[in-house]
Structures are given as C-alpha cells and as structure tokens.
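First to last, the protein sequences are chains A, B and C.
All the letters of the first sequence, read from the start, carry residue numbers 97 to 373 under the numbering used here.
All the letters of the second sequence, read from the start, carry residue numbers 37 to 350 under the numbering used here.
All the letters of the third sequence, read from the start, carry residue numbers 828 to 1265 under the numbering used here.
It should be emphasised that the hints constitute simulated quantities derived from the structure, not laboratory data.
Please note: incorrect hints may appear among the correct ones.
List of simulated lysine-lysine pairs, BS3-like, C-alpha gap at most 27 Å [to be verified]:
no., chain 1, residue 1, chain 2, residue 2
1, A, Lys-265, B, Lys-244
2, B, Lys-244, A, Lys-101
3, C, Lys-1116, C, Lys-977
4, C, Lys-947, C, Lys-1198
5, A, Lys-203, A, Lys-265
6, A, Lys-291, B, Lys-244
7, A, Lys-261, B, Lys-244
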Amino acid sequence: MLTLKQARQLRTVLLGTLGWLVALIIFFPIFWMILTSFKTEIEAFSSPPQLFFMPTLENYIEINSRSSYLTYAWNSVVVSFGSTFIGMLLAVPAAYSMAFFETKRTKSTLLWMLSTKMLPPVGVLVPIYLLFKDFGLLDTRTGLIIIYTLINLPIMVWMIYTYFKEIPKDILEAARLDGATPIQEIVRVLLPISKGGLASTVLLALILSWNEAFWSLNLTASTAAPLTALVASYSSPEGLFWAKLSAVSTLACAPILIFGWLSQKQLVRGLSFGAVK
Amino acid sequence: MSISNLQVDKATGAEGSASSVKSQNRQKSRISLAMVSPSVLVLLVWMIVPLAMTIYFSLIRYNLLYPGDEPFVGLENYYYFLTDEGFAAGAFNTLYLVLSVLAISVIFGVLIAVLVDNDFWGRGIVRVLLISPFFIMPTVTALVWKNLLLHPVSGVFAAVWRFFGAQPVDWFAEYPMGAIIMIVSWQWVPFAVLLLMTAMQSLDQEQKDAARLDGAGPLAIFWHITLPHLMRPIAVVVMIETIFLLSVFAEIFTTTGGGPGYATTNLAFLIYTQALLQFDVGMASAGGLVAVIIANIAAFILIRIIGKNLTDKQ
Amino acid sequence: MKNYMIPTLMASAIAMASASSFAATTVTIGTVNNGDMIRMQELSPAFEAKYPDIKLEWVVLEENVLRQRLTTDIATGGGQFDVMTIGMYEAPIWGAKGWLEPIGELPAEYDVDDIFTSVKDGLTADGKLFALPFYAESSMTYYRTDLFEKAGLEMPERPSWDQMMTFAKTLHKPDQEQYGICLRGKAGWGENMALISTMSNAFGARWFNEEWKPEFDGADWKNTLSFYVDLLGNYGPPGASSNGFNENLALFNSGKCAMWIDATVAGSFVTDKAQSNIADNVGFALAPKQATERGAGWLWSWALAAPVSSDAKEAAKSFMTWATSKEYSDLVAEKYGIASIPPGTRHSTYENKDYMEAASFAAMTLESMNKADAVNSTLKPKPYIGVQFAAIPEFQAIGTQVGKVFAGALAGQMSVDDALKSAQSTTDRQMKRAGYYK
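Using the sequences provided together with the hints, build the complete structure.
In structure tokens, the structure reads:
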C-alpha cells in the first residue's frame, strides 16, 4: 500500500503528465507552423508531412529583404501599448467605482458597454472610413490607437471589474479609515493586490490590439501599417507561400508571445490571498 | 467642526451622525460618478456617432458604386436582407457556432484550469503553451489549420488518419461547420483557460484544506468549492466570448468562403457578401443592425441565465 | 464637408512646383502580393534612381483584401492611394464612373501599340484607356507528359471536355495519390467561378441573356455543372471543393495531378525546379472546347491606374509608365532571368527569341492570349463584357454567391439541380433589385 506521501507524489506525476499532454496537443499547430517556417515551399506542402528535414533560413531572409519588419513591428508596438495604456487609464477608475460603489445602474451600464461591441465591423466600415477621412485620421497611428482603445475598453472594464469584485471590502475600509483618499486607496492598496488580474487584462488587451486584422488593414496604408498588414502581404498570393507565411507569422507573433511568457511569470507570482489575510 | 463630530469620526464602526454619513455618501457617489464618467462618455460618443450613421444609412439606398442620389427607402434594406435565401441559415449558423464554442471553451477551460492549478514540474511552461493559441492572428490560424493540418492530401490530420489505416476526412466538404468550430474553439479555449487560471489563484486554499480534513473527496471539493468560486469568471468568459463569436469572420472567409452552400455562412459573412461585396452600404448597415438586435436578444437570454453571478457579492 | 483635400492639394501643388529641388513627392502604391508585383517592389530603387524626386511607398495585400481596400478608398474619395493595382473587372467600371484618371498621352518609346489589343480593350471605357496593364493572362491546360506517355495517350492542341473526361478517367489512380484532374473548386467569383464560367462558355452557355436575365435554368448550364461535378468529383483530388489556385498548384507541383487547367501565369511556377517536383514533365495545351471554342480560356490583366482622388497624379503616371514599359522588362530580365518578365501584355515579349526559348510555356500562353476575346466569348450573343466575369458592379456579389452553391454541389451538400435553382433565384433577385429589369 502506498503511504500518503507516495500517493500524493503519484497523483502529482499523473496530473503533471496529463497537463503536459494537453499543453502539447494544444500547442501542436503552432509548433507545426514554426517548423514549417524552416522548410522550403515544396517541403511545406509535401505529403506525407515531413517531420525531419534540412532546415533553411531562406524564408526569413526573403522576408527581411522584401519588407522592413521593424517598421511594422514598431507600429504594432506603439498602437497596442498606446491603446492599452489609455484604455487602462479609463477602465481602472470605472471598474473601481462599479465594483465598490455599486448602484442600481451598474449592471445595465456594464451590459450597455458590452453591447457597443455587437455591431459587426463589416457593417460600420464605410461610416468609420468617412469619419476618419474627414478628421484626417486615415493611415495614422493615432487613428488606430483611438479605435483600439474604444473597441477594447468594454472588455477591459469587465475584466478589471471582475477581479476587483474578488477583493474583500475590509481591506479598502481599513485604508480609508487610515485616512486615505480614493486615489491613494487605488494606488497604494488596490493595485498591488489585484496585480494578477490587472496583468491578465493588460495582456488580453495587448493581444486583441496586436492581432486585430480588420481595422488595421482597412484604415492604414503605408505609414501606420502594423504587423497584421505584413502578414496579409504574405497571405494567399499566387504561388506557393505556406513556408513564407509561417515564417512571417512566427515573426509577427514572436514579440507578443515573448511578452506574454514574461508576464505569465508575473501572473504566476501574483499574490494569493494569504498575504491579504 | 463640532467636537461631537470629531468624536464620532474617530469611532470605528460606530454609527456616525446622520448628516456625516449622508455627506460621506454624497461624496462617495460624486467620486464614483467622476470615475466612471470618462469611460462612459468616451464609449457613448463612440457608440452614438457610428450607430447614428448606421441607422441613417440603413434607411436610404446608398451604394458606393452608384453615388449620387440617395433616396430614403424606409425599411426596404431590412426587408431585402431578411428575405435573403441565406438569412435563416446565417442566423442559425451564428447561434450554432457561438453556443458550440462557448460550451467547448467553458468546459475545457474549467477542466484545464483546475488541472493546471496543481503544482507539477514545468507548470509555468505548460501554462504558457496552453494560452499561446490566443496569440496567433485569426487569419494565420485559419490558413495553418486549412492547409497544413486539415488538408485531406497533405495535412497532418490526413497523415495520422492514414497511419491508422483510415481514409482521410475532407473536413471542409464533409463537416464544414465542425471544422470551423474546431478552429475557433482552438483559439478561444486558451482565453477561457487564461481567465479561469488567474481566477483559481484567488481560490481560498484554507477552505479547500478544511474541506479535505472533513473527508471531502476531490470531486466534492470541485463541485462545492471550486466551481462556485469560478462562477463569476465563467460568466465573464461567456459574455466576452459571445461578443467576439457573434462576429467571427476571418476564419470563415479564409477557409470555406461561407460554403459549401450556406453551411458556414454566419450573419457577419452574410453581411459581407450581400452588402459589402456589392458596396451596398445601405444594406450593410441594415444587416449590421439586424445582427445587433439578434446579439442583444442572445445577451438578454444569457443574462437571465448567468446574470446573477456577475454582480453578486461573494 | 470637412476634409483635408484643399490644404493637401495646395501642399502637393507647391511640392510639384519645386519638384526638381527638395520636396519629394510620395507615391503610395496599392498592389497584390503576386510574385511579379513583389519583383516590381524590389526594383523600386531603380525607379527612385531615375526619378530622384519621387519616393515610393508600398501597400501589399492579398487580392480580396486589396480589392476591398481599394474600392472603399476610391468610392469614398479617401485619397490614400496614388497608384492602384486593379483588374479587368474594376477598370472599365471605375473608368466609366469617372473615378480613374484617363491615361491620356504616352511617350513614343512606350509603344502603346505594342500591347495586345484585347488587353487594352479590357481596360478601356468610353473609348478611353484607364489603366496600363502590368501583366495579363489567359487559362490553359497543363498536363504530365510522362504520365501521358506511359498510358499511351496524346493530348491534342485544343482538347474537348469530353476528351478531358476520358483522359482523367484513365489517369486517375487515387491509391497511388495520382488524381486524374485538378480544377478550382473553392468558392469565389475569381476562384471556382472563373474556371466554371469558361467551361460554361465552351458548353455554349452564357451568364445573362440580352435582357440581362440569368440563364441558370437552361440546359447549357445544367450540362456544364453536371459535367463539372462529375469530372472533378470522380477524378479529382479529395478536398477539391476548397482547392483554389494555390492548392492546385501545390498539388500539381508535388506530382499529384495528371492534368490541371488554370492561369497561364502558372507556367513559370510549374517549370521552376525550385518549386516543382515535376518541372521537366509538363506539357501545355489550349483550354478545352466543347460546343464552341469561344471563351474557353479566360482573359485577365492586373493593371496600374491612378484614382482622381490622388494628390500626386503626375508622379503616379511616371511610375505607371515605367513599370509597364519595355525598359522595365529588360530590368527584370537582368535581375531575375528572362523567363520572369511580366507575361501576356506586349507583342514584343513574344517576338523575343531568348524569351521564347527560356520560357517553355510562352508559346501556348501567346496562343491563348490571342484567342481570348472579352467581347465575343459566348456562342450566343451577350450584353456584357468579360470572358469569365461580367463587368457589372453587381457581379462580385453574384459570382461569389453562385460560387458558393456550386462548391456545395461539388462537395455533395446539394444536388446539381438545387444548386442551379438557388443560383437562378438569387441572381434574379439581385439583378431585379439593381434595376436591370423589373
């Protein structure tokens, strides 16, 4: 018979194996894409699909010589981080007030915010294009930042609201009784506690902006085009393209993937409620 | 300030004088209003202006290719959009897609989040791998799945099928909607995992330990402690995913083009073909508003079901 | 209406006035991501060296996205692009609407008469040329000479569809991963419908009769679709209903198709050893006929045009003329090899012996181009221009819709009759709404 300790260890090993299995299965398509980026075009479409082959950097070299990756990447960075930053500035106070000063209107405000996202972008393309044209916002990073802030704001408010709701009110009460103003309350007490939740929200908003492929293609030309436009320029041309597309997608997703991995540590290190007690 | 007020303010938990409490409340609500207003105002403008333009366009005959007179035609655009041969299929497919992906992502999201909550070797890496599909652009996802994975001649799935001696499946011909659901779920399960994983971290360890000492098995713990704790994040996942899933477009456009027949045409795609491809802004606007109405109905029903979980106190 | 047109125009006028000195004019070019256009982009430094006061900015997108992007911009007067890469579908429509700058005078060295008449006509409206063709294509038959030899078959110069069916049947060996014929099946007005339209032309059908009524309820279309579903369904590869040009190219290049009917530009891909496993075993024939030879091969051209909303029209014209000139072809030949020069636009290309030798597909391409006629492409008279499309604004949506149901018939999701009925009713509805008839 197993001792309690041995049983626990066995359980951990089994769960660990299962966890790894699930993760590898889910990650497999991405792994395959990265693998394909090192193949030649013929190998990419070969049947049966090749797992072992002579890797080549030709796709990456061609991408670098054809387009200026850094320009696109910079645009993506500016637009994603800019819109996320502004969005957080607007969302945190709103979520704070809705979570801790709840009124009868709170639920309906939340729902109304979400309903602003219900209009399919294809339906509003022309009105927005005309608006942007009149305000000189076409093909500008500012224009994209504005649009991304607006489309991600409801999501950010919702998520932060959810995390704030998890925090027991007594902590804030304690701070308030110590004489803290609301701003101090937020900055000194609330933000550190909800770091994990805020980090997830920031990550989510960044991803949504980074990968947004409708407005970023329709409202930009050559100046403000982000990485989604670079990927679109390798997508479905006439001719074999899957190896190159895999390469450009790897390049386009790499920054955000790395950033996500780094911030994931932050999420993991995020405070458990033991510290709160 | 009078001495009595000072004394009252110093006392913790004691009822303050009526006027002091009222002024505190007024101050509270003023602050809360001030905090919420910027977001609300910004969203209000964002929503009103395009919405107003869309409503206006939906009531006139406005085609980009025939500029000039734009006569008011009332509800003609709506009539035309609703009587389109593909409308019923479009509405049905939209709901079918949304509900399927919701179910898959919530169920798997919860299971995976619970699984990953246990500490095992390399858990950090596993977590990153699990949420990575969400980082890939939808168009790329669609292309990778269509050509590298699901293609019946050269795809990985086909190779696996052949390895086991079976005939490879032509996914986009035989199970087009199934293939789309598979692709979209692959993208959104990580989202659910991300949110639920983070929520699991605030789960009270002590409660669980106490329950275990009381002799509760893992299933009971899951059902009575974990799941209720996750109700609110699940509600958020459902609400957010619903919004995005209602307007899935890129995946369908890249893989099946809405076909075969109407099998994978959803409302967003219908608006695209019926309206945008003809540059009929009037009909695109009408279609968009119809989609909004349907989305609102769906949201209303969802709220009925899970709404309590959103604003409840713990 | 608030806009920045006037200050922009003033600024660019000043810029152009002082053109030779400092202020560089920016020309924003929107183009497709096909190989020839990528080469054009890569040769920008050569253009900028010749015209030091013009700077080129590129927006390269996939075809469908580009088309939507350009149409949105030109119809709203957005002014984001100075040069647009458009096809034979948009050029006559947009030209007629006054959205494009007529090409006007061209320098003598440009030799505009060297360009194929059919290509020029496809880019003309109201007697004025609105776009300069960058490359043009028709469609033709590709086949595996080694497989044909082994089976003792001979491909005539212009096969009939019935012959194609026989060939496909003989060469279809699915257990060896060899499929009789590969054809486009993916839904789209420029995908499967391009091929099926040429097929329908060959079978004697037409899209619309003289009163603009669609003819899907007729016998000719029924024969076409039944034949197509039969041929591709029985002797084609699995996944045919989602295979477009690229997928079929990949299949053909990896040796899995015995025959393939598609764009003439594929010629350079299938004979390129770097991309093709069967580069030495490709034969060429004209696109198949049936009841008639007319409209058997399609006609398409990607051309450069300048929208009226552009603020750099002079510079744009300089670029457009340069990129479609003989001089440009020489540049391409120098840098990429003579077989890479943009095909299908000029007689001089095909009078160049070196080119004809280096490009084994060139002879058949020339013949296909000569036979393609956008005006006379059907057995019966028709009211529309275009071989594999009708140059009317409604066609994009109609073509895509019909393409969807035809792909559905191929995938076995609906019967041929149901697909035709659906095509007829939706097209009829849209033509009525657009006011072609009551």
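Going through the hints against the structure:
{"no.": "1", "hint": "Lys-265/A with Lys-244/B", "result": "holds (22 Å)"}
{"no.": "2", "hint": "Lys-244/B with Lys-101/A", "result": "holds (18 Å)"}
{"no.": "3", "hint": "Lys-1116/C with Lys-977/C", "result": "holds (25 Å)"}
{"no.": "4", "hint": "Lys-947/C with Lys-1198/C", "result": "holds (15 Å)"}
{"no.": "5", "hint": "Lys-203/A with Lys-265/A", "result": "holds (19 Å)"}
{"no.": "6", "hint": "Lys-291/A with Lys-244/B", "result": "holds (23 Å)"}
{"no.": "7", "hint": "Lys-261/A with Lys-244/B", "result": "holds (21 Å)"}
Hint check: no violations occur; every hint is consistent with the structure.
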